[in-house]
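Those protein sequence lines, which keep their order, are chains A and B. If you use our numbering, the first sequence corresponds to residues 1 to 82, in order. If you use our numbering, the second sequence corresponds to residues 1001 to 1224, in order.
Treat the hints as calculated values from the structure; they're not laboratory data. Virtual Cβ for every residue (Gly too), placed ideally from N, Cα, C. Do not rely on the hints blindly, as some may be mistaken.
[Unchecked claim] So the derived label-pair ranges between C-beta atoms look like this:
no. : chain 1 : residue 1 : chain 2 : residue 2 : range
1   : A       : G19       : B       : G1054     : 21 to 27 angstroms
2   : A       : P12       : B       : G1159     : 21 to 27 angstroms
3   : A       : D7        : B       : G1070     : 25 to 31 angstroms
4   : A       : L55       : B       : A1131     : 51 to 57 angstroms
5   : B       : G1159     : A       : G33       : 38 to 44 angstroms
6   : B       : N1160     : A       : E57       : 33 to 39 angstroms
7   : B       : R1155     : A       : E49       : 42 to 48 angstroms
8   : B       : N1160     : A       : P12       : 24 to 30 angstroms
9   : B       : L1222     : A       : A47       : 54 to 60 angstroms
10  : B       : A1035     : A       : R28       : 42 to 48 angstroms
11  : A       : E35       : B       : E1077     : 38 to 44 angstroms
12  : A       : L50       : B       : A1221     : 54 to 60 angstroms
13  : B       : K1109     : A       : K40       : 19 to 25 angstroms
14  : A       : G33       : B       : P1067     : 47 to 53 angstroms
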Amino acid sequence: MTRVVVDVMPKPEILDPQGKAVTSSLQRLGHRGLEVRQGKRFEITVAGELTEERLDEIREAAEKLLANTVIESFVVRVEDQQ
Amino acid sequence: MSRIGVVTFPGTLDDQDARRAVRLSGAEPVALWHASDSLSDVDAVILPGGFSYGDYLRAGAIARFAPIMGEVVRAAEGGLPVLGICNGFQVLCESHLLPGAMIRNVGRKFVCRQQRLRVESTDTVWTCDYAAGQEITIVLKNGEGNFQADTETLRRLEGNNQVVFRYLDNPNGSRNDIAGITNERGNVVGLMPHPEHSVEVLTGGTRDGLPFFTSVQRFLALTA
Chain A
1 MTRVVVDVMP
11 KPEILDPQGK
21 AVTSSLQRLG
31 HRGLEVRQGK
41 RFEITVAGEL
51 TEERLDEIRE
61 AAEKLLANTV
71 IESFVVRVED
81 QQ
Chain B
1001 MSRIGVVTFP
1011 GTLDDQDARR
1021 AVRLSGAEPV
1031 ALWHASDSLS
1041 DVDAVILPGG
1051 FSYGDYLRAG
1061 AIARFAPIMG
1071 EVVRAAEGGL
1081 PVLGICNGFQ
1091 VLCESHLLPG
1101 AMIRNVGRKF
1111 VCRQQRLRVE
1121 STDTVWTCDY
1131 AAGQEITIVL
1141 KNGEGNFQAD
1151 TETLRRLEGN
1161 NQVVFRYLDN
1171 PNGSRNDIAG
1181 ITNERGNVVG
1191 LMPHPEHSVE
1201 VLTGGTRDGL
1211 PFFTSVQRFL
1221 ALTA
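For reference, chain A alone in the conformation it holds in the complex (with noise of 0.2 angstroms):
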């Protein structure tokens, strides 16, 4: 069983608004200078043999579903392998 973990976060140029109210609480909690923008984490747990054509698939995936690439950018990695 494989794990590939997709990660998807706001583009820079677009505003986060979470991510700005979880920055402020962080300040009201006494934290200065952390920011943060807060994306989303999908983690899938791949039957069988994890090929190259398997992660092209969850990439594809990542594109079509997980992500709006219009406001989000995503990564695709391998967690781990067992």
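Following the hints, position chain B against chain A.
Leaving out everything else, chain B in the frame of chain A:
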């Protein structure tokens, strides 16, 4: 009499009001179900507001892949009039029938109020009964109505006269004060405010939303 379909997804809230607005404007409302792959030969389709699939993943992202959306996309590309209201607008953007995307409101609050808009384009199937530059007031209610698109896309929208409505007092941070847009052909329109709630003074405060539903009927009568 025109037959106007209104799609119901799991989590749709405003399908009844949309069907009622269609009826009050003199057309026949037709209920369409998300899991069906038939548009039942309707003359136009409305994707109403709500929280389809609980807004999971992103607003409209799951609804985009509902069986009926395959038919809606195909028909829209063939010229069928399609109107997306609020969550319906988000579904149209996720489906790539309209450019751009909606993110959370800049003030981080759900905004619910009577919203003033300026009609920027009457050159669409859904707005031909308005006057260009007309100022209208209809209901607005959303938490993620902040329209975003890259600068090149905005330039194209502005240059092609595809901005259909602009906020007079931007409630959510939308770029260029954009409240609603259309595709190049003018048959697909999406907007965040709710014309279907503003078709009677008693329940909606104004009747400024009614021309959406009469516009499409005039268009259909002229092209019949």
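Against the structure, the hints come out as follows:
1. Restraint check, A:G19 to B:G1054: a C-beta distance of roughly 22 angstroms satisfies the suggested window 21 to 27 angstroms.
2. Checked against the hint of 21 to 27 angstroms, the C-beta distance between A:P12 and B:G1159 comes to roughly 26 angstroms, which is consistent with it.
3. In this structure the supplied range 25 to 31 angstroms holds for A:D7 paired with B:G1070, their Cβ-Cβ distance being about 30 angstroms.
4. For the hinted restraint 51 to 57 angstroms between A:L55 and B:A1131, the CB-CB distance of approximately 55 angstroms keeps it satisfied.
5. A hinted range of 38 to 44 angstroms holds for the C-beta pair B:G1159 and A:G33, which are about 42 angstroms apart.
6. For B:N1160 paired with A:E57, a C-beta distance near 36 angstroms keeps the hint of 33 to 39 angstroms intact.
7. Taking the beta carbon of each, B:R1155 and A:E49 are about 47 angstroms apart, inside 42 to 48 angstroms as hinted.
8. Taken as a hint, the range 24 to 30 angstroms holds for the pair B:N1160 and A:P12, whose Cβ atoms sit roughly 28 angstroms apart.
9. At roughly 56 angstroms, the beta carbons of B:L1222 and A:A47 sit within the given window of 54 to 60 angstroms.
10. In this structure, B:A1035 and A:R28 meet the distance hint of 42 to 48 angstroms, their C-beta atoms being roughly 46 angstroms apart.
11. Between A:E35 and B:E1077 the Cβ separation comes to about 42 angstroms, which falls inside the hinted range of 38 to 44 angstroms.
12. At about 58 angstroms, the CB distance of A:L50 to B:A1221 agrees with the hint of 54 to 60 angstroms.
13. In this structure the supplied range 19 to 25 angstroms holds for B:K1109 paired with A:K40, their Cβ-Cβ distance being about 22 angstroms.
14. At about 50 angstroms, the beta-carbon gap between A:G33 and B:P1067 stays in the expected band of 47 to 53 angstroms.
In summary, this structure violates none of the numbered hints.
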